[in-house]
Every structure is written in structure tokens, then in C-alpha cells.
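Q: Sequence:
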Amino acid sequence: MSRLLVTGGAGFIGSNFVHYVLANTDHTVTVLDKLTYAGNRASLAGLPEDRFELVVGDIQDAELVDGLVASHDAVVHYAAESHNDNSLNDPRPFLDTNIIGTYVLIEAARKHNTRFHHISTDEVYGDLELDDPNKFTSETPYNPSSPYSSTKAGSDLLVRAWVRSFGLQATISNCSNNYGPYQHVEKFIPRQITNVLRGERPKLYGTGENVRDWIHANDHSSAVLTILEKGVIGETYLIGADGEKNNKDVVEMILEGLGQPRDAYDHVNDRPGHDLRYAIDSSRLRNELGWEPQFSNFEAGLADTIAWYRENEAWWAPEKDATEAKYKSQGQ
4 MSRLLVTGGA GFIGSNFVHY VLANTDHTVT VLDKLTYAGN RASLAGLPED RFELVVGDIQ
64 DAELVDGLVA SHDAVVHYAA ESHNDNSLND PRPFLDTNII GTYVLIEAAR KHNTRFHHIS
124 TDEVYGDLEL DDPNKFTSET PYNPSSPYSS TKAGSDLLVR AWVRSFGLQA TISNCSNNYG
184 PYQHVEKFIP RQITNVLRGE RPKLYGTGEN VRDWIHANDH SSAVLTILEK GVIGETYLIG
244 ADGEKNNKDV VEMILEGLGQ PRDAYDHVND RPGHDLRYAI DSSRLRNELG WEPQFSNFEA
304 GLADTIAWYR ENEAWWAPEK DATEAKYKSQ GQ
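Just so we're aligned, residue 4 is where the sequence shown starts under the numbering used here, counting upward by one.
These aren't lab readings, by the way, just hints derived from the structure by calculation. Mixed in with the good hints, there may be bad ones.
Listed below are the simulated EDC-like cross-link pairs for lysine to aspartate or glutamate, each with C-alpha atoms no more than 20 Å apart in a straight line [what the hints assert, rightly or not]: (1) K114 - E66; (2) K37 - E322; (3) K206 - D324; (4) K206 - D88; (5) K37 - D69; (6) K206 - E259; (7) K329 - E232; (8) K190 - E302; (9) K329 - E203.
Pair by pair, the computed Cβ-Cβ distance ranges are [as the list claims (entries may be wrong)]: (10) F169 - R313: 46 to 52 Å; (11) D29 - D134: 24 to 30 Å; (12) P94 - A164: 21 to 27 Å; (13) D273 - D324: 23 to 29 Å; (14) E56 - G276: 36 to 42 Å; (15) N27 - E212: 36 to 42 Å; (16) L200 - I236: 42 to 48 Å; (17) G237 - L38: 30 to 36 Å; (18) R274 - R44: 46 to 52 Å; (19) T39 - N300: 32 to 38 Å; (20) G202 - G237: 47 to 53 Å; (21) E314 - E259: 16 to 22 Å; (22) V271 - L38: 28 to 34 Å; (23) L38 - K233: 31 to 37 Å.
Here a beta-carbon is modelled for each residue, glycine too, at the ideal position from N, C-alpha and C.
When you get a sec, could you build the whole thing from the sequences and use the hints?
A: Pasting the structure below:
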């Protein structure tokens, strides 16, 4: 699997994976990315030209996809519309990219018998009560609550059906909430960090009690590479780093990490259908494939992320004003 095709590799999680692969393996990487607002050429700057190529295109373009899949040993499918707020305002792009785009890719992978790994999310499982002792496992029934999570659930089921019906050489991973470098400022953690860096107050949905199971993007990348190399075809692996924190605590930790009072934030209107809690049981990935996260301490990973945004304002500043204007129009 020396030649990897990474869809959505100019986005947040995909670009982190590309950096990780090129730094830690001998693989070559081709990124296929449409370069929508969430894709950024700057996230791929400085990569070795002899081992990396960017192809600008749409995963719904069957002719383009077929040619690329035919010339690669494996496909790692990150490309997705992924922002919940956007899915509530305009669901259609989520159907086009997450469902139709995935269909085009798995048809090409089936045709060329190409190894395929599908990146998904823990949000397909719905949410847990705050006091529920259980966590999501690969056996948890799907119960998506937004256009985003429902289209990701649909894409997962397509992959599973193609494995069973057509022998697609595929694995799936469902990961908890990522944080780290190159994440768009519309997302929760970078929005709060960049607000503070600009002298503005962070914004907290509702009371901030919603819990997310945070994982650093580098740890997600190492897990995906482990599954690609060692995973059993047809299986689903959950990726998590035991990083459960509620949103209020995260905002207060960001403020503290940037030398501000812990209560210097504003409450804004809660998101419709806002899931209460996500929690991942990643024991199968750890026990069967031997994976362990590097950033097992969320505070250390958050400090690393704060430092990156502090040092890379030129990367995030161009999108900041437009993002905040959009949120303001929505009362958030």
C-alpha cells in the first residue's frame, strides 16, 4: 500500500493524516480535494514534492475518481461535509458529498479491487445521557440526529453493503471529536481560541453541559494508519482517547491557557437537536491492533493546539471575519 489516495486531504483531519503519513512512513500520497471553504491549500504547504500531489476535483466525478483509484494501492476516504450547523441550514450538500460521493468511490474501489478505508464519526450513534455509564461500541445501533450524522450513517451502510455484496476490501472507523492544527475556525475549539487571541469573548452553546470525547488529530491519524495496515476487512473500529470533557470546561481551559479569567465567555443560543454526550470505547482497536494514543492527556493536547493557533494566525485569519459574521446572523 505504498501509493495512498486521500480524499478530503486538504481539510482538517485529512491534512493532519497526510502530514503524519509523509513524516512517519515511506508512502506516497495523492490528495483529491474539491477545495470548498473547508479545504485549504495552505494546510498542505511544505510537503515533499516527490512524494505528494494535490488533485483538485470532486469525489462525485466518476471518471476522475476511476482513474485515480486505478493508479493507487489504497483509498483513505476523509472527504465529507461535516459541520452540523451547516447541515441544519442547508442539508443538500451533505447528501451529495457524503452519500453520492462515497458511492462513486466504492464503485471505483470495487472495480479495481483497491483497499478502501472509510472515515466516519461517532455521531452516527446519536448521543448518550450525561450519567450513562456506557460508551459507544461497534455494536451500538445507529441513531443519527442531524442531516450531517444521518448522511454519514448512510455512507457507512453503503460501505458495509459493498463489502458483503461485492467483496469490497474495506474497513470503517468511527472517531470521536478531533482537535489540533489546521481545523477551520467555525469549529468549537479553534473558534474559542481565535476569539481570545483577537481579544473577543468565547461563545458557549446553551449551558455548556454537552460532553464530547476529544482526540488529537495526530492520534486519529496514527489509528487510521494502524487500521489500514492491520485491520480486518469488513470490520469497524472505534477511535477514541478517553478525552471526555464538557464544553464549559473546555472553554474555561482555553481561557486559562491564554491567561484570561475562566468566566470570560458569553452564552449563545443552543444548537437545535444538540447531542448531549459522546463517548468512545476504543478497546478493540487497542487490544486487537495494538494502538495507543500519544495525547492521552487532553490538557497537554489542548496546550499544543493553542500554541499552534497562536503561531499560525496567517493560516486562520482570512476566514475568521466571515465565520463570525455568519454566526452573528444566526444569533450564535
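Q: All the hints need checking, so say for each whether the structure fits it.
A: Hints versus structure:
In summary, the hint linking K114 to E66 is supported, as the alpha carbons are separated by about 13 Å, within the 20 Å threshold. Only pairs whose Cα atoms come within 20 Å are accepted, and K37 paired with E322 is accepted, the gap being roughly 17 Å. A hinted pair counts as satisfied when its Cα atoms are at most 20 Å apart, and K206 with D324 qualifies at roughly 15 Å. Restraint check: the Cα-Cα separation between K206 and D88 comes to about 15 Å, which is no more than 20 Å; the hinted pair holds.
Between K37 and D69 the CA atoms are separated by roughly 16 Å; this keeps the pair inside 20 Å, and the hint holds. A threshold of 20 Å between alpha carbons decides the hint, and for K206 with E259 the separation of about 15 Å falls inside it, so the pair holds. A hinted pair counts as satisfied when its Cα atoms are at most 20 Å apart, and K329 with E232 does not qualify at roughly 41 Å. Between K190 and E302 the CA atoms are separated by roughly 18 Å; this keeps the pair inside 20 Å, and the hint holds.
At most 20 Å may separate the alpha-carbon atoms for a hinted pair to count; K329 and E203 meet this at roughly 16 Å. Taking 46 to 52 Å as the suggested C-beta distance range, the pair F169 and R313 conforms, at roughly 48 Å. Taken as a hint, the range 24 to 30 Å is violated for the pair D29 and D134, whose Cβ atoms sit roughly 47 Å apart. Judged by the Cβ atoms, the range 21 to 27 Å given for P94 and A164 holds: they are separated by roughly 22 Å.
Take D273 and D324: their Cβ atoms lie about 24 Å apart, and the range 23 to 29 Å holds. Between E56 and G276 the Cβ separation comes to about 40 Å, which falls inside the hinted range of 36 to 42 Å. The beta-carbon spacing between N27 and E212, approximately 38 Å, falls within the hinted interval of 36 to 42 Å. With their beta carbons about 45 Å apart, L200 and I236 fall inside the hinted range of 42 to 48 Å.
The hint said 30 to 36 Å for the Cβ distance between G237 and L38, and at roughly 33 Å that hint holds. Between R274 and R44 the beta carbon distance is about 30 Å. The supplied range of 46 to 52 Å is therefore violated. In this structure, T39 and N300 meet the distance hint of 32 to 38 Å, their C-beta atoms being roughly 34 Å apart. In this structure the hint that G202 and G237 lie 47 to 53 Å apart at CB holds, the actual value being about 51 Å.
Taking 16 to 22 Å as the suggested C-beta distance range, the pair E314 and E259 conforms, at roughly 19 Å. Hint check: V271 to L38, Cβ distance near 30 Å, so the stated range 28 to 34 Å holds. Against the hinted window of 31 to 37 Å, the Cβ-Cβ separation of L38 and K233 comes to about 32 Å, which satisfies the hint.
Of the hints listed earlier, those the structure fails to meet are numbers 7, 11, 18, in rising order.
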